[in-house]
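J.: Work out the full structure: start from the sequences and follow the hints.
The listed protein sequences derive, respectively, from chains A and B. If you want the working numbering, it's the 1-based position in the first sequence plus 57. If you want the working numbering, it's the 1-based position in the second sequence plus 12.
Where hints are given, some of them may not hold.
Examples of chain A residues toward chain B, derived with CB under 10 Å [to be verified]:
{"hint": "1", "residue": "T156"}
{"hint": "2", "residue": "G164"}
{"hint": "3", "residue": "I173"}
{"hint": "4", "residue": "S175"}
{"hint": "5", "residue": "E180"}
{"hint": "6", "residue": "V182"}
{"hint": "7", "residue": "I188"}
{"hint": "8", "residue": "R227"}
{"hint": "9", "residue": "A228"}
{"hint": "10", "residue": "K231"}
Just so you know, these hints were derived from the structure itself, not from any lab. Every value quoted in this text rests on a predicted model; they were computed, and no experiment measured them. Note that the Cβ used here is the ideal one computed from N, Cα and C, for glycine as well.
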Amino acid sequence: MIINVDDAGDAPATDVNLREPVFRARGLTKIYHVGEVDVCALRGIDLELYAGEFVVLLGASGSGKSTLLNILGGLDCPTAGDVWFRDHDLVHATDADLTRYRRDHVGFVFQFYNLIPSLTARENVALITDIAEESMTPEAALGLVGLTARLDHFPAQLSGGEQQRVAIARAIAKQPDVLLCDEPTGALDVQTGITVLESLERVNEELGTTTAIITHNAVIARMANRIITLSDGRIVGEETNAVRSRASELVW
Amino acid sequence: MRALQRKMFRDLWILRGPSLAIGLVMASGVATFVMSLSTLSTLYHARLSYYERYRFANVFVNVKRAPETLKSRLAEIPGVMHVGTRITQFVNLDLPDMREPATGRLLSLPDHGEPAVNRLYLRSGRWPELERPDEVLISDGFATAHRLQSGDRVRAILNGRRQDLRIVGIALSPEFIYQIREGDIIPDDRRFGIFWMRRRSLEAAFQMTGAFNNAVLLLSPGTDELQTIREVDRLTDPYGGTGAYGRGEQSSHKFISNEMEELRGMALFVPTIFILVAAWMMQVVFSRLIGTQREQIATLKAFGYSSTEVGLHYLQFVIFLAWLGTGLGIGVGTWLGRGVATMYSRFFHFPEFDFHLDSRVVLASIVISTLSAGIAVIIPVRKAMHLPPAEAMRPELPPAFGSTWLESLAVLRRAPVELRMIVRQMIRQPIRLTLTCLGLSLAVAVLILGSFMLDGLNYVMESEFNVAQRQDMTLTFVEPSQGRVLSEVAHLPGVISAEPFRSVPVRLRSEHHSRRLGLMGLRTNGRLFRIANVHRQSQSVPETGLILSSQLARVLSVRPGETVTIEVLEGRRPVQSMRVAGLVEDFQGEAAYASIDAVHRLMQEGDAVSGAFLAADTRQTAELYRELKRTPRLIGASLKGSALIALRETIISSILLMRTFNIGFACIIACGVVYNSARITLAERTRELATMRVIGFTRGEIGRILLGELAILTLLAIPLGLGIGHVMADFVIRAAYDTELFRIPLVIARSTDALAALVTLLAAVCTGLIVSHRLARLDLVAVLKTRE
Ligand SMILES: Nc1ncnc2c1ncn2[C@@H]1O[C@H](COP(=O)(O)OP(=O)(O)OP(=O)(O)O)[C@@H](O)[C@H]1O
Ligand SMILES: [Mg+2]
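T.: Now the structure itself:
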């Protein structure tokens, strides 16, 4: 894969020794009311994510991973508990504050890409750079994920992996502080999955973006600084990789 | 351009079918709105400036014969700026291109220069010279109808003497914008014309030296018209004044006002229907669009687009669509307006009548369409704005299909799967279903609204000509004549029978209500001209007492058995009260009848007659006409058939034009609604239908499921639309066509209903076929592969 590094941006913080927490969550609880029943998606999560860190979230289906990520991303509010992004209180924020927060700090990558089908790759990225303050050009962002040749293709004209890379370009184009990815390779084959992971790895390394990735694939966990395992709405395990694998070395 | 805007245009392109449908319906509404209001404003301003520039009088009065010295006394009435005194006379015309006689109204011009009041616009030629008594100006309409030019001659009978009048110019007057003979309801430029001559010639011909029989007064603004009229009446009374009246009772003015009233009614009613339909279509399309774009909306929000930005995005979309429709509508409306203006210029005679697109109308239509579009999508757009982004990431839950009471019907349980699917789908969306049905029924209603007037007019014509007016010809005399003239008339060639009538100008009063009109004295046992009601039943004329049209009774607020005061405006001008013997619910706006004997008693006169109704042998009409053209006492011989032809030429051609527009508009509504509904159903159920195709259902079966619902709805909509159409027609009749001048009954022919149903059905079927063609091209693999 050829990656164009020229536009990569500021000095990266590859190592996570700074120990500066970007996110702080305490006693995070989320209860969904479905008719008569209460579904408890999160049951008291305490968590810290550090600047520049690459974290993988593992856990069975329904364990609350997406819920947690959505709350960190300011898409959803917890039923109880506190979440702080640096000095932003995400729990007591208004809708406008959360919009501002997402606009300025967060990049999302979703399992099903969620590209706007009526816009080309370039325009999908432009959609975000239009409203961001310090963004790179859509071309630069797409270059970073190796899609310079596909700028004017519509999502329907791209493969799943290419679409997901457009989604990554879109998420990183505004140089967010955090990148939250919900099963980014879930819908992809091995080879494509690895290409996508390489893109994420580069962004994390070169832009120093704090990255959290949800996956069902334990192999991917080898890329992470830290692996957090959820079960039934609780954190049941946390390990740190002494040695991180490169995305290109992964096999599954 | 920002990416979000680009998305809007791409979405618009994807939705081009439904957008086109919406745009066209919107355009139809705006077009009717712009057309009728701009025509109204054109007419209003044309009349206003014509009146001002050509000094149209405010008060009019006819007298028997008044000395010219009265003029200065009239001019001294406070508020009177100018007085014009004139000699006017009706004459019998003998035109080479017409077998029957025509009527001319001679009107004097001052001996020198131009009239100060009711000035003339000289379209061509020059003013008549004082030294040449046979020179005349003729009215524009009459000249056009007979292709007369300066230099041509017209033969007329002036006071018993035949004379050739030489045309030296063609003129228009604000007094005769609508050139109609007093008492007629339809203008007939062929049979009625105005002739202006120098006063000296008329004085000589009618022994009126130093006298006048008609005066027109121009008032300064703010003058109390009623007060002036009273003053004029006081001054003219000794000279046989027949009662002054204002513009409100001047026939040309009255007819134009009437037309403006109708335009106003149309401007409000029809566009409202279209805009409602367009708004509803927008609501449906945008609910669907926002439904399918849930995840896109959530993505936008996840990346920091605010709810407001998302809301504005969709609002911009719908408003852009509305503006496209409005722009098209303004264009088409202007085009239609020009067409209508051209049509109008055939029976409204203005020096210039150019269609003006009124900028306020344009602005109003933009505001209305923008607002209605905004309101239409307020619910779906709010839904988009309030969509929680986390939730929207999850695919929408499959719709909840519960068992309903309908399902438990035994019939349905045994019905084929397709029918059950259709019924379930229908039950699930009762509101949209009702609205679709309503939309289609409005198409039916629009068709009825466009056609029913013709049915009404046909009904009126048939009733009038077969039940009420069974004479072949009506003769009108210059002056009331002795009764024995009747036996002369009866001896004219080909005349089978003749019945006299006596018509006198009167003012009917009841308390503070009053009306000027002609009281018609008829034979009690008349067979040629009868009083007939809207139900085509004839009513006998009572020996004593009055029969009033119910419209007139309403105006005077009198009931049978009560009395009204009759002030005769002719001859010795007796005043008497008379009992209302009965009412007749007829097509005339305001009419009063009595027996001819009762009128004679009222007038304290012998057996004077104003004219006669004739039954004539059609084989001898040529000789009869030749004879009539030579009769000096005659001012008019109107032929039953000619009125009919005149009606065809003027009103009906305009109604037919409107009907053509309406058929077009209704087709747009019907196609738009069906297309829209079918496309939405297709979009919502593509996966389901594709799945069914995959598991072995045929294309036909799938088509039936898709279109079955629409077929059922169309069949329901037709009777509903007929009902709505009838109610609306009744409303329109009351709002616009129940005027003082004439009334058109609410008659809707079977054929109109059938046409409305058929056109809607055809539009629905054609559109259905187009949509099912799309279904045939459905790419099963692609559909099933995409994740919704
Ligand atoms: N909007 C919602 N309404 C009701 N229940 C919900 C909602 N969202 C999530 N849940 C429930 O909360 C629990 C946690 O859901 P979540 O989506 O966080 O799981 P997950 O770990 O991401 O699972 P998966 O790996 O399948 O994506 C589940 O039991 C789910 O059913
Ligand atoms: Mg999940």
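J.: Hint compliance check: list the failing hint numbers for this structure, sorted ascending.
T.: Going through the list in order, the structure violates no hint and respects every one.
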